[in-house]
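Peer 1: Chains as they are written, first to last, in the working numbering: chain A, 1256 to 1572; chain B, 1256 to 1572; chain C, 1256 to 1572.
No lab work stands behind these hints, which were simulated from the structure alone. Please note that a few of the clues may not be correct.
Any copy, or any two copies together, can satisfy a pair, since identical chains are not distinguished.
Said to hold, decoys possible - Okay, derived cross-link-like pairs now, DSS-like style, lysine-lysine, Cα gap no bigger than 25 Å in a straight line: (1) K1384 / K1485; (2) K1485 / K1395; (3) K1317 / K1482; (4) K1569 / K1282; (5) K1288 / K1569; (6) K1523 / K1316; (7) K1523 / K1311; (8) K1523 / K1317; (9) K1485 / K1316; (10) K1429 / K1317; (11) K1282 / K1384; (12) K1288 / K1384; (13) K1485 / K1418; (14) K1293 / K1418; (15) K1293 / K1311; (16) K1303 / K1523; (17) K1384 / K1482.
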Amino acid sequence: MRITGTFLDEISHDIPHQNWGPGEWEKDFRAMKAFGIKTVILIRCGHKRWMTFPSKVLMGKKQGFTPPADLVALFLQLSEKYGMDFYCGSYDSGHYPWQDDYQVEPEVAFMREVCDEVIDRYGSSPAFKGWYLSQEIAGKSPAATESYRSLGLHLKQRMPGVKIMISPGMLGAKAYNAKMEKLGVTIAPELHEAMWKENMEKIRGVVDIVAFQDGHVEIELLPTFLKINKKLCDANGIECWTNSESFDRDMPIDFLPIKWEKLRLKLKAAEAAGLSNAITFEFSHFLSPYSMYRSAAGLFDRYCEENNIPARAKDFL
Amino acid sequence: MRITGTFLDEISHDIPHQNWGPGEWEKDFRAMKAFGIKTVILIRCGHKRWMTFPSKVLMGKKQGFTPPADLVALFLQLSEKYGMDFYCGSYDSGHYPWQDDYQVEPEVAFMREVCDEVIDRYGSSPAFKGWYLSQEIAGKSPAATESYRSLGLHLKQRMPGVKIMISPGMLGAKAYNAKMEKLGVTIAPELHEAMWKENMEKIRGVVDIVAFQDGHVEIELLPTFLKINKKLCDANGIECWTNSESFDRDMPIDFLPIKWEKLRLKLKAAEAAGLSNAITFEFSHFLSPYSMYRSAAGLFDRYCEENNIPARAKDFL
Amino acid sequence: MRITGTFLDEISHDIPHQNWGPGEWEKDFRAMKAFGIKTVILIRCGHKRWMTFPSKVLMGKKQGFTPPADLVALFLQLSEKYGMDFYCGSYDSGHYPWQDDYQVEPEVAFMREVCDEVIDRYGSSPAFKGWYLSQEIAGKSPAATESYRSLGLHLKQRMPGVKIMISPGMLGAKAYNAKMEKLGVTIAPELHEAMWKENMEKIRGVVDIVAFQDGHVEIELLPTFLKINKKLCDANGIECWTNSESFDRDMPIDFLPIKWEKLRLKLKAAEAAGLSNAITFEFSHFLSPYSMYRSAAGLFDRYCEENNIPARAKDFL
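Just chain A, same shape as in the assembly (with noise of 0.2 Å):
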């Protein structure tokens, strides 16, 4: 099972910003190439008052920030020349499905707004393949399946052919409160299957990829939620895909580079489960030659050694 997507981590919640600029992201992206890297997903177009790009929509009813450059722009034209896939992620407005004040309609209707802003000054771009949505789910969210059908729809209209990704959670035992404490609790495969039957049964012929996060359930434990995850997928004619994620969750610093044994093992679980495809949260911190952390080189190597890929980081330094 090869890695073969990442997220692009703009605008973080939660990892630190490595602050580059268009010189180093384009030698991110050579590095992602070398790696196997065909599918790019910017994790969220916007974040409250934060923006990847110069949006009016969102300077207008939102006072959004303008941004000191535009990264869709940039990501789409590193797209277009590393031979990528490009999946845009929706704007987070910081309300969400799970939350007693979350209403439908007026959320979708606005992160349509900011979606069709993007259509119409990118859309042409022969890179932009998919749209993620951003809004993370983990259990049972009828709130979020008609947010994801409505948008999902909206967005098929305006692009046919586009794609349309989510990644949700599994409530399992490393999963996180507001305040980044796990909360220890693991819910029964069953009822993982019970709820995201009801949920698949409602994004079935919107929703053509479900990728979920594979960190909050604990190794053992997984392929057991993945052969769930392909069969209910399977059943709703949905592509199935893991996101293996490449940082570390049982440590006390949140977050670095994850152990290369343990990637591996999920990935083999993915593979075993029959799952189609993987992506990661995400390359540039956590596997890239140029990460902050110089832990993630090691990664690099010891993936791309497995996979008898002939790069290795220190050819990029």
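Using the hints provided, position chains B and C relative to the given structure of chain A.
Peer 2: Just chains B and C, lined up with the frame of chain A:
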């Protein structure tokens, strides 16, 4: 708005040490110079039993640990060589004005004694231009302003023409309690103004420069707070600087270099508020090409690009 | 007091992995050699389902994860090549003597079985000189001392002349609870002495070396505690070493390299107390030129300068 000053974080409370010797410090001063630093501020000359110089007072009365190097001498020598103004931070006993058992008289008397020793040893250096009063407060604090006044007057007697600086916090949503937990409560700007009106009236004529820490306030509220600071300083004949923090307060890791976009917005807010100068906490960990955190090099480059400074981090390695 | 030994932190509990392969490990052993390391101590040969070597026992009885590399073989080969003594850490099941449901008999029986497998596979290596009993305790613990005694006697039967080491904590103000929160309670030195008097009497004749971790005790109290340790070891014919931790327990980031001044004071305290040897937890993350934490290189250089060792970190990169 250019950053023209930086703290030197010795003795550090909460930022891991880089273990630099004189050679590494000299390289860093060279990078500071290229970046535009004109003022270096030793955050405290001693902290509890830890000392930046072999203080007889602290060894005798606090069982101070004899330090492996004389950092005050080193920093003064480098300041002279690189044409910078050196501000010395006063002793930090670990007793603070906002604690119930804090007593102004003995605290000031002891700080004065340590300051006198510093002046006797190093006062003749032509780079020694100021004192930083290291007791950090946020809201209203009669015990602190009385301490500032008393210690500051003494220092001005001993060193005619010396500048006195403080760098208080603002009670914003990102203020921390003792256990490094964010308080999440922002006081109204009007309350901040009322508290600091009183504080400033007490320190006028003694404190020359107030450089509020800008990281506790949400960026959207920062312009409002900075304008209040400027107005109050102007009314009391005090220079209003900003301490534009270069570490990120929004991440699970306390603390890594800030996102460039945030630092840029904070500096723009200070410029718009009419502040006269910016310092930062601090260059060596969060902005330096030599920082243990590799993302500091990106921050250095982005800042230099924006301000047409020809220096680039790679040229220093 | 020189540091002549280091732990190898495999399998790590709480320090993020550097993702080194055999090439990186060999470089690190070369740096260790230049630094003065003569003894390397694998902290545990297995932890729950994680293994440092392909153990049939653990695969069969604990569903152990087959590791991507045989680290015991690698470390022994490097120890032979660089003339170091290798100590192997016993298996860590995740059950600890201070837990209510810990049972000495079955725990020791299982540890013995894993140790036997290690001896059968690797016991003939001329570098294999000792065992490290990996169950860490702090205060009085009859269950632990009984386990040490029972397992240690078995190991000495199987490998005549082998050395047995433990590295307990001291119940100082910086001891941590399970959630990595500092306890902030220091027991009186007299209580420490009373508890360890009992412990040592139980392990005498079996445990050869006790190397207390020196990081839980405030530095001002360390001389007192170390002298007690020395006295108790002497009374029981046990070698008294210090485990002088090279990571900083005083910072919000758990854990980065310690400030050189602190490590220096701790080593001086050990020397003054008459201890015979120092090891550290651990070289590769906190002292190595190759560490993912750049400040480790500064610590390496400061230590080498102080001890007239010609090696410098930059020569290794």
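Peer 1: Please go over all the hints and tell whether each is borne out by the structure.
Peer 2: Okay, the hints, checked on the actual structure:
| no. | hint | result |
| --- | --- | --- |
| 1 | K1384 / K1485 | within (23 Å within a copy, 50 Å between copies) |
| 2 | K1485 / K1395 | within (17 Å within a copy, 51 Å between copies) |
| 3 | K1317 / K1482 | between (42 Å within a copy, 23 Å between copies) |
| 4 | K1569 / K1282 | both (13 Å within a copy, 15 Å between copies) |
| 5 | K1288 / K1569 | both (15 Å within a copy, 24 Å between copies) |
| 6 | K1523 / K1316 | between (46 Å within a copy, 21 Å between copies) |
| 7 | K1523 / K1311 | between (45 Å within a copy, 21 Å between copies) |
| 8 | K1523 / K1317 | between (44 Å within a copy, 19 Å between copies) |
| 9 | K1485 / K1316 | neither (40 Å within a copy, 29 Å between copies) |
| 10 | K1429 / K1317 | between (34 Å within a copy, 21 Å between copies) |
| 11 | K1282 / K1384 | within (22 Å within a copy, 44 Å between copies) |
| 12 | K1288 / K1384 | within (17 Å within a copy, 47 Å between copies) |
| 13 | K1485 / K1418 | within (19 Å within a copy, 52 Å between copies) |
| 14 | K1293 / K1418 | within (15 Å within a copy, 54 Å between copies) |
| 15 | K1293 / K1311 | neither (30 Å within a copy, 39 Å between copies) |
| 16 | K1303 / K1523 | between (37 Å within a copy, 20 Å between copies) |
| 17 | K1384 / K1482 | neither (28 Å within a copy, 46 Å between copies) |
Hint compliance for this structure: hints 9, 15 and 17 are broken, all remaining hints hold.
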